[in-house]
Structures are given as structure tokens and as C-alpha cells.
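Peer 1: Sequence:
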Amino acid sequence: MSPNKAAYKTLISQCLALLEGEPSLVANLANLSAALKHSNGWHWVGFYLVDDARDELVLGPFQGPVACTRLHKGKGVCAAAWETATAQIVPNVHEFLGHVACSNDTNSELVIPVQSRGRVVAVLDIDSVEFDAFSSSDVEALKPLIEAIEGSWNQWEA
Numbered sequence: 151m152s153p154n155k156a157a158y159k160t161l162i163s164q165c166l167a168l169l170e171g172e173p174s175l176v177a178n179l180a181n182l183s184a185a186l187k188h189s190n191g192w193h194w195v196g197f198y199l200v201d202d203a204r205d206e207l208v209l210g211p212f213q214g215p216v217a218c219t220r221l222h223k224g225k226g227v228c229a230a231a232w233e234t235a236t237a238q239i240v241p242n243v244h245e246f247l248g249h250v251a252c253s254n255d256t257n258s259e260l261v262i263p264v265q266s267r268g269r270v271v272a273v274l275d276i277d278s279v280e281f282d283a284f285s286s287s288d289v290e291a292l293k294p295l296i297e298a299i300e301g302s303w304n305q306w307e308a
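Numbering (the working numbering), first residue to last: 151 to 308.
Treat each hint with caution, since some may be false.
[Unchecked claim] In silico DSSO-like cross-links for lysine-lysine, where the CA-CA straight-line distance does not exceed 30 angstroms:
hint : residue 1 : residue 2
1    : K223      : K187
2    : K159      : K187
3    : K159      : K293
4    : K223      : K293
5    : K155      : K187
6    : K187      : K293
7    : K187      : K225
[To be verified] Distance windows between CB atoms, simulated:
hint : residue 1 : residue 2 : range
8    : V216      : G248      : 19 to 25 angstroms
9    : A203      : Q164      : 31 to 37 angstroms
10   : T219      : S285      : 26 to 32 angstroms
Bear in mind the hints are in silico, worked out from the structure with no lab data behind them.
Using N, Cα and C, we set each Cβ at its ideal position, and we do this for glycine too.
Input sequences plus hints: build the corresponding full structure.
Peer 2: Pasting the structure below:
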């Protein structure tokens, strides 16, 4: 279940505070993954980064069970968000054509692209064991966090 508006507001404030003054991409994405996962009890929260050389997504910082290391174009919810540059809200991943099952416990998924300089550079992936756990209100509530990541992406050191 997703947090209410007040809980999201508090969570986003905490997440933005974590980013202040920290120049490390890995540290920032790791802390954001932990904050999001532990504040909501979601099954898995993390980032997949675009690997331009291989034209695929590679696992970045995350919280939760072991995950798929690389995701290819045309396969899965994360790839759909990457390729379309739009958020993907999937109420039942078992009905999503081409779903990549990194965990059999995941039943619904939210993936939001992170863009920099006009292209997708990463995706935020959130999985839930509950069906229909996400809605457009989650995308809207997470928007300030995504915008902060996008605004800082090129200043952060890999």
C-alpha cells in the first residue's frame, strides 16, 4: 500500500535532505533506495542505470532481495519506462507481456524514468507484494524527488 499525501510529503523532505551536499551518485541512490524501502515496507526499491555501451539497464543501488543484474530493451517494466520515457504503473506484473520476474514475490510494480539532458539515464523501480499497490498519485507524489535527482545527476560523481 502506498503512503498517504502527508506521509509522502514527510518522506520526500527526508529524501531531499539526504541529497544536500553529497556529491556521490552511488551514495545518493543508495540512501534514497533505503529511505523509500524502509518507510513504506515495499518489497524492493532501487535504481537501474542506463549502460549506453551495452544498450541495456544495469543494476544500481537497491534495497530488497537479490535482483536481476541486467535488463534488456523490449523486456520488462523497467525497459518499458526506459524506452518510452514514461512512468509505468503495473497493477499485476503477471499480466504484463514480457515481464522479467526477478522475484516471484512481486505482484505489482511502479517504474519512473530519470532523465538528464533530454534522455533517460536511470529508472526508479518499486515493487510490491500487493496487487494494485500503485497509482498515478504515487508518481505525482514522487515527482519532486525525481526532479531533484534529475537536476543533480550531472553534478554527481559516479
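Peer 1: Between the beta carbons of T219 and S285, is the distance compatible with 26 to 32 angstroms?
Peer 2: 29 angstroms, holds
Peer 1: Given the hint that K159 pairs with K293, does the C-alpha gap stay at or below 30 angstroms?
Peer 2: 11 angstroms, holds
Peer 1: For the pair supplied as a hint, K159 and K187, is the alpha-carbon distance within the 30 angstroms limit?
Peer 2: Holds: K159 and K187 sit about 15 angstroms apart, inside 30 angstroms.
Peer 1: Assess, step by step, whether the Cα of K223 is no farther than 30 angstroms from the Cα of K293, and give holds or violated.
Peer 2: 24 angstroms, holds
Peer 1: Holds or violated: the 19 to 25 angstroms window for the beta-carbon distance between V216 and G248?
Peer 2: Roughly 21 angstroms apart at Cβ, these two residues keep to the hinted range, so it holds.
Peer 1: Just to be careful, I want the Cα atoms of K155 and K187 compared with a cutoff of 30 angstroms; is the pair within it?
Peer 2: 17 angstroms, holds
Peer 1: Between K187 and K225, is the straight-line Cα distance small enough, at 30 angstroms or below?
Peer 2: Between K187 and K225 the Cα gap is close to 24 angstroms, so the pair holds against 30 angstroms.
Peer 1: Are the Cα positions of K187 and K293 separated by 30 angstroms at most?
Peer 2: Answer holds: K187 to K293 is near 17 angstroms, not above 30 angstroms.
Peer 1: Is it true that the C-beta distance of A203 to Q164 lies inside 31 to 37 angstroms, as the hint says?
Peer 2: Since A203 and Q164 have Cβ atoms about 35 angstroms apart, the given range 31 to 37 angstroms holds.
Peer 1: Tell me if the straight-line CA distance from K223 to K187 falls inside 30 angstroms.
Peer 2: The hint holds at about 26 angstroms.
When each numbered hint is compared with the structure, no violation occurs for any of them.
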